[in-house]
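**Q** Sequence:
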Amino acid sequence: MVSNRSEKPGLSARSRVTEALEKAFRELGQEIDREEIHLERPNDPSHGDVSCNIALVEAKKLGKKPRDFAAAVVERLSREDDFIDRIEVAGPGFINFSFSRKYLVDQVARINRLGGAYGDSNLGGGRKLQVEFVSANPTGPLVIVSARAAAVGAALVEILKKTGYAVETEYYLNDTGSQVKKLGESLLARFRQRLGEEVDFPEDGYPGDYLIDIAAQISPAQGRKWLEREPGEAATAFGTFALERIIAWIKKDLEDFGVRFDVYFHESGLHQEGGEVEQALRIFREKEVVYKEDGASWFRSSEFGDEKDRVLIRSDGTPTYFLADAAYHLNKLKRGFDHVVDIFGPDHHGHISRLQAAAAVMGAGPGWLDVLTVQWVRLIEEGKQIKMSKRGGEFETLADLVADVGADASKFFFLMRKTNAHLDFNLTLARKETDENPVYYVQYAHARISSVIEYACQEGVEFPGDMSCLELLGEPEELELMRNLVIFPQLLEGAALANEPHRLTTYTQQVAASFHRFYHICRIVSRDTGLSQARLLLVEATRIVLAESLRILGVSAPRKM
RNA sequence: GCGCCCAUAGCUCAAUUGGAUAGAGCGUCUGGCUACGGACCAGAAGGUUGGGGGUUCGAGUCCUCCUGGGCGUACCA
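Here the first sequence is numbered in our numbering, starting from 1 and rising by one per residue.
Just so you know, not all the hints are guaranteed correct.
Subject to a maximum C-alpha distance of 30 Å in a straight line, what follows is the list of computed DSS-like cross-link-like pairs (lysine-lysine) [stated by the list, open to error]:
id	residue 1	residue 2
1	387	181
2	292	182
3	308	292
4	418	252
5	161	418
6	161	308
Don't read these hints as lab results, they were simulated from the structure.
In this text, all values refer to a predicted model and were calculated from it rather than measured experimentally.
Modelling step: build the complete structure from the supplied sequences, incorporating the hints.
**A** As structure tokens, this is what we get:
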């Protein structure tokens with residue numbers, strides 16, 4: 001299908017309903033603010049496609065009975081528009097609107113014209129936005145919870161782009177500080193063990209086998225030179241070496257997972273002379289939110305909703321992680337983002353309030369910084385939880401997960417749940433290439449459609465240039481499918497506003513289900529050429545919506561399986 | 001102790017941010033292919049939304065207390 005990306009969306013059905021209601025209110029002598037008219041999609045299809053509770057809300061203020069008032073509003077509603085064919089008062093006083101068949105059919109034609117551009121909106125108005133996610137410390141391989149963060153962040157970014165935001169993605173690398181020293185000491189110990197020395201492994205070091213592999217990459221001659229130097233110096237050099245390897249490794253794992261970042265931001269840059277760490281500290285001091293106690297400098301975060309004050313500069317003169325993170329957000333502020341979203345791991349949620357306090361002190365407007373929390377993932381195999389030991393003979397990393405169940409199933413499973421709820425990842429189910437596995441259910445619908453379209457072409461049924469044949473559609477299964485396709489733009493906007501990519505995953509399952517039902521009842525390719533063409537257009541519209549949804553989720557949309 | 005998150009069908013989770021009779025998938029039971037992909041479809045059973053109280057036309061959703069789990073509560077990151 002030819003896609004025409006320049007087509008204007010026009011006035012949506014919902015805004016036309018809003019307008020009509022506004023007009024009816026005015027005729028009744030009531031002024032009403034557009035914002036107060038809240039439309040929603042009823043759960044029960046018999047309640048129509050769009051429902052409005054405005055009569056319930058307003059009747060009380062006017063001392064009228066909701067149902068009577070609703071009836072009065074309905075009486076004044078203009079019936080000129082042909083996209084609505086039924087308006088009724090129902091329940092306690094809801095006003096329900098049902099889309100006409102003509103409207104649904106017009107949308108199918110529109111989806112065919114727009115192709116992948118269907119669902120694009122200007123909700124964001126081009127606002128500049130940054131999403132920072134994963135940002136796991138480069139002291140080891142990415143683990144499962146980072147994989148979840150990667151899937152969620154990437155999907156959210158695509159949703160935001162689709163709804164008109166200018167989004168930049170970023171990974172914050174903590175490439176400096178005490179943990180890098182610890183990493184260096186750990187690698188140093190592994191290297192000496194490799195040389196045959198008996199050494200005690202650092203108590204709070206990183207025990208993973210990966211450091212043994214990295215130690216093997218150090219040439220013994222080169223390494224020995226370092227050993228002759230000062231221990232601290234050697235640890236730093238080894239730490240830097242390990243960091244480089246691990247960062248490259250993290251990037252590759254993410255690449256294999258299909259997640260790319262526009263920027264990898266290195267914390268070390270903030271610590272340079274005149275850098276943001278110094279600047280942030282200066283701002284804190286200017287705003288008089290810093291005091292000295294026990295030789296350290298403290299931020300009065302408790303005055304901004306944090307439980308207690310936090311140290312910015314330790315008594316030994318070094319900055320804390322918190323100061324660096326505040327400095328990092330100063331850097332984000334300076335880069336001019338209108339809005340910033342951070343996706344944190346579950347172990348960092350205590351960090352949120354103090355970071356928002358710091359951002360406010362540094363001049364961020366209210367709501368500038370949104371922080372989402374990705375909750376823990378438990379891996380379940382054969383009904384039992386897999387223990388995630390750091391040493392792990394059993395797998396725990398993103399790379400292992402991808403190798404086991406594949407990127408598609410991993411992402412789909414991560415995106416089925418609300419991000420701030422714990423997730424049980426059913427490995428046994430994710431591995432299955434059967435109907436029990438929801439990711440295949442959705443992908444199968446796409447493959448089936450592709451196959452049918454191919455078949456139709458073989459049988460000589462072609463996409464018509466003139467889409468008037470769509471008037472022939474009207475079976476209940478056809479209408480249900482169309483109704484699901486029509487809500488796609490609205491669904492995307494809701495997901496964008498709430499930062500909830502999982503809504504789209506649920507939606508794909510709903511679209512796939514209504515397609516399979518339709519397919520089962522309605523023969524697509526038949527002797528009736530007009531009807532065949534109409535159904536072909538409907539099927540292609542379904543394919544477009546599924547393919548676009550899966551693209552946003554980062555899951556492949558196969559034509560064959 | 002204090003703070004934040006979570007608790008919905010046997011299991012894993014939804015529920016359009018306060019809407020109408022709380023929905024899907026898996027599992028269980030019953031049925032459906034001589035035409036486009038049966039990796040599919042139809043039906044059944046399954047609930048005092050952890051518990052009590054409150055707010056209102058209306059609560060799974062909001063406020064409060066209780067129970068049970070997770071995380072945080074470092075001059076670690």
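**Q** If a hint holds in the structure, say so; if it doesn't, say that too.
**A** These are the hints, each one checked on the structure:
With a C-alpha separation of about 28 Å, the suggested pair residue 387 and residue 181 falls inside the 30 Å cut-off, and the hint holds. Between residue 292 and residue 182, the direct Cα distance comes to roughly 28 Å. Compliance with the 30 Å bound is thereby established for this hinted pair. Between residue 308 and residue 292 the alpha-carbon distance is near 15 Å, which keeps this suggested pair within the 30 Å criterion. At roughly 27 Å between alpha-carbon atoms, residue 418 and residue 252 fall within 30 Å of each other, so this suggested pair holds.
The suggested pairing of residue 161 with residue 418 holds, with an alpha-carbon distance near 20 Å, which does not exceed 30 Å. Proximity of residue 161 to residue 308 is assessed by CA-CA distance (about 38 Å); at most 30 Å being required, the pair is judged violated.
Hint check: a violation occurs at hint 6 only; the rest are consistent with the structure.
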